[in-house]
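The listed protein sequences derive, respectively, from chains A and B. With numbering that gives the first Met the number 0, letter number 254 in the first sequence gets 253, and the count goes up by one each step, no holes. With numbering that gives the first Met the number 0, letter number 210 in the second sequence gets 209, and the count goes up by one each step, no holes.
It is worth saying that the hints were derived from the structure and are not from the lab. Take the hints with a grain of salt, since some may be wrong.
[To be verified] 30 Å max Cα-Cα, derived DSS-like pairs, lysine-lysine: (1) 285/B with 247/A; (2) 196/B with 196/A; (3) 236/A with 196/B; (4) 285/A with 247/A; (5) 196/B with 213/B; (6) 247/A with 213/B; (7) 285/A with 285/B; (8) 285/A with 213/B; (9) 213/B with 247/B.
The model shown is predicted, which means the values in this text are computed figures rather than measured ones.
The lines below spell out each chain.
Protein chains: 2
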Amino acid sequence: MALIECVPNVSEGRRSEVIDAAVAAIERVPGVRLLDRSSDAAHNRAVLTMAGEAAGLRDAVLVLFDVALAAIDLRAHRGEHPRLGAVDVVPFIPIEGVTMADCVALAREVGAEIAARHRLPVFLYEEAATSPARRNLEDIRRGEFEGLAAKLTDPAWAPDFGPSQPHPTAGATVIGARMPLIAFNVNLATDQLAIAKQIAAAVRHSSGGFRFVKALGVALPDRGMVQVSMNLTNYEKTPVFRVFDAVKREAARYGVAVVESEIVGLVPARAMVATAEYALQLADFKPGQVLETRLREPL
Amino acid sequence: MALIECVPNVSEGRRSEVIDAAVAAIERVPGVRLLDRSSDAAHNRAVLTMAGEAAGLRDAVLVLFDVALAAIDLRAHRGEHPRLGAVDVVPFIPIEGVTMADCVALAREVGAEIAARHRLPVFLYEEAATSPARRNLEDIRRGEFEGLAAKLTDPAWAPDFGPSQPHPTAGATVIGARMPLIAFNVNLATDQLAIAKQIAAAVRHSSGGFRFVKALGVALPDRGMVQVSMNLTNYEKTPVFRVFDAVKREAARYGVAVVESEIVGLVPARAMVATAEYALQLADFKPGQVLETRLREPL
Chain A
0 MALIECVPNV SEGRRSEVID AAVAAIERVP GVRLLDRSSD AAHNRAVLTM AGEAAGLRDA
60 VLVLFDVALA AIDLRAHRGE HPRLGAVDVV PFIPIEGVTM ADCVALAREV GAEIAARHRL
120 PVFLYEEAAT SPARRNLEDI RRGEFEGLAA KLTDPAWAPD FGPSQPHPTA GATVIGARMP
180 LIAFNVNLAT DQLAIAKQIA AAVRHSSGGF RFVKALGVAL PDRGMVQVSM NLTNYEKTPV
240 FRVFDAVKRE AARYGVAVVE SEIVGLVPAR AMVATAEYAL QLADFKPGQV LETRLREPL
Chain B
0 MALIECVPNV SEGRRSEVID AAVAAIERVP GVRLLDRSSD AAHNRAVLTM AGEAAGLRDA
60 VLVLFDVALA AIDLRAHRGE HPRLGAVDVV PFIPIEGVTM ADCVALAREV GAEIAARHRL
120 PVFLYEEAAT SPARRNLEDI RRGEFEGLAA KLTDPAWAPD FGPSQPHPTA GATVIGARMP
180 LIAFNVNLAT DQLAIAKQIA AAVRHSSGGF RFVKALGVAL PDRGMVQVSM NLTNYEKTPV
240 FRVFDAVKRE AARYGVAVVE SEIVGLVPAR AMVATAEYAL QLADFKPGQV LETRLREPL
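So that you can see chain A by itself, here it is in the shape it has in the complex (with noise of 0.2 Å):
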């Protein structure tokens, strides 16, 4: 069996009855499993994650876009999260038994889709991009919602799909293929939101960090905390262990302990036990080993 995951991004983090509303039709569409959902108020934003097969996904991210472009006003929407669409991002994502171009294939054909469904200028990113200088979500989405109309000036950016101008009140949207990605945050024993910036800015690729990680500082002016918020996109290549000592050792330069972390939705079984694996220094250890997941292997 061919098993995707897919995670939109939506932008709503506080108004629940809009996300009840995209996972009820979701729900009702065959072939797919919603796993997760999760939203921040802060951030005004929502996470949705489901697996299927190809056919059960797509239908299920066009019921989507039906639900959230009709709910979800950009015009109106503060948060801080930078975000492009109401849906904002779509990434698919190789589990089992399917390929990379696979899952390329399948962000192409969704994302003309909903481009001609919606009159919605669609970006493709990551594996599925159609140049070098749109791999990247945080190039695609720089400027915002609200610098979305001078953005779409440039011919550089003209969208893969759809028309020149955004959508009104659901801006664009990036719809793309990738590696699973671990939502990691770190939350500092301080209120100073310069050392949260200063150490994300020390662990992220963009400023001379890990290859795979990217990393603001924000506010968690609730909790009177700040924290170090990080996607990291090939836990393989730069482990969670890893940037978690870096994260660590960083904050201890300030005199600023580390509370706690966190994990926002799903991670795959193998970035849990490498973590072990380190904490515990075991060698020779195989992914057999784990009982599940020697139960889970053919014979």
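With the hints as your guide, set chain B onto chain A.
What follows is chain B alone, placed relative to chain A:
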């Protein structure tokens, strides 16, 4: 689905054809999956690991006794590991969708059947024990096969099932139910056996350490190292990471570094995930956040 693990220990670690025959017989039983087999010539002992539902495991244990009792004569058996029977110990272990009480009931059913079928004394141990004096395997096994006839004349050691005389070639057997056990060893950068022994004494329950740790210091002369060799008998209450940290701190007291650790055989996924949660200071992490676990959960 009710998933139970069963880990029979057989007193044969040199004649691989005997274990091959047992494995072949088990693999013909429907509803049981053989997950692992390992033999140790010095111990003259083999450990089989299988998993399945209660009915399949019952049948698999019955065929294992048929093969082992036909092939093994303890009167001629020599090895470093203490043993009381040709099939020495048979624990049933709850993994998923099944309680400890279910495993106790299965141990009693299988024990009664084995005793009747082979006229073999059977002791119930750990969670299936009929008195506190019979909980610990070591107490039941003390005196080994050679001292069994004398031990059985003591009314306090009347078997739970079967006759009060040893089986002439197969001795007796110990059947029960317990939590998953993790065989966890830590190798130290020294050849001083006394250091491994002192650390083992510091962390094991019997001499004042953690409640669910059994530990020995052993030499690894081939590698010029010593090892703290442990069984962790309840990883939920005495987690692997806490024991590892304690061993590391005790080693530092002697100026000795930890070279590596190893897990022998299988480990439940939850033990690895709990270690990762600890190492990353993860707050509010839920088992269902592991993608593969979430996919197995019922809707």
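Each hint tested on the structure:
Of the supplied pair hints, the one linking residue 285/B and residue 247/A holds, its CA atoms being roughly 23 Å apart against a limit of 30 Å. As the CA atoms of residue 196/B and residue 196/A are separated by approximately 48 Å, the hinted pair breaks the 30 Å bound. Taking the CA atoms of residue 236/A and residue 196/B, the gap is about 39 Å. The hint is violated against a cut of 30 Å. This hinted pair checks out: residue 285/A and residue 247/A have alpha carbons roughly 28 Å apart, not beyond 30 Å.
For the given pair, residue 196/B sits about 12 Å from residue 213/B by alpha-carbon distance, which is consistent with the 30 Å threshold. A threshold of 30 Å between alpha carbons decides the hint, and for residue 247/A with residue 213/B the separation of about 34 Å lies outside it, so the pair is violated. Taken as a hint, the residue 285/A and residue 285/B pair is honoured in the structure, with Cα atoms around 24 Å apart against an allowance of 30 Å. Annotation: proposed proximity of residue 285/A to residue 213/B holds, straight-line Cα distance about 24 Å (limit 30 Å).
Taking the CA atoms of residue 213/B and residue 247/B, the gap is near 17 Å; set against the 30 Å cutoff, the hint holds.
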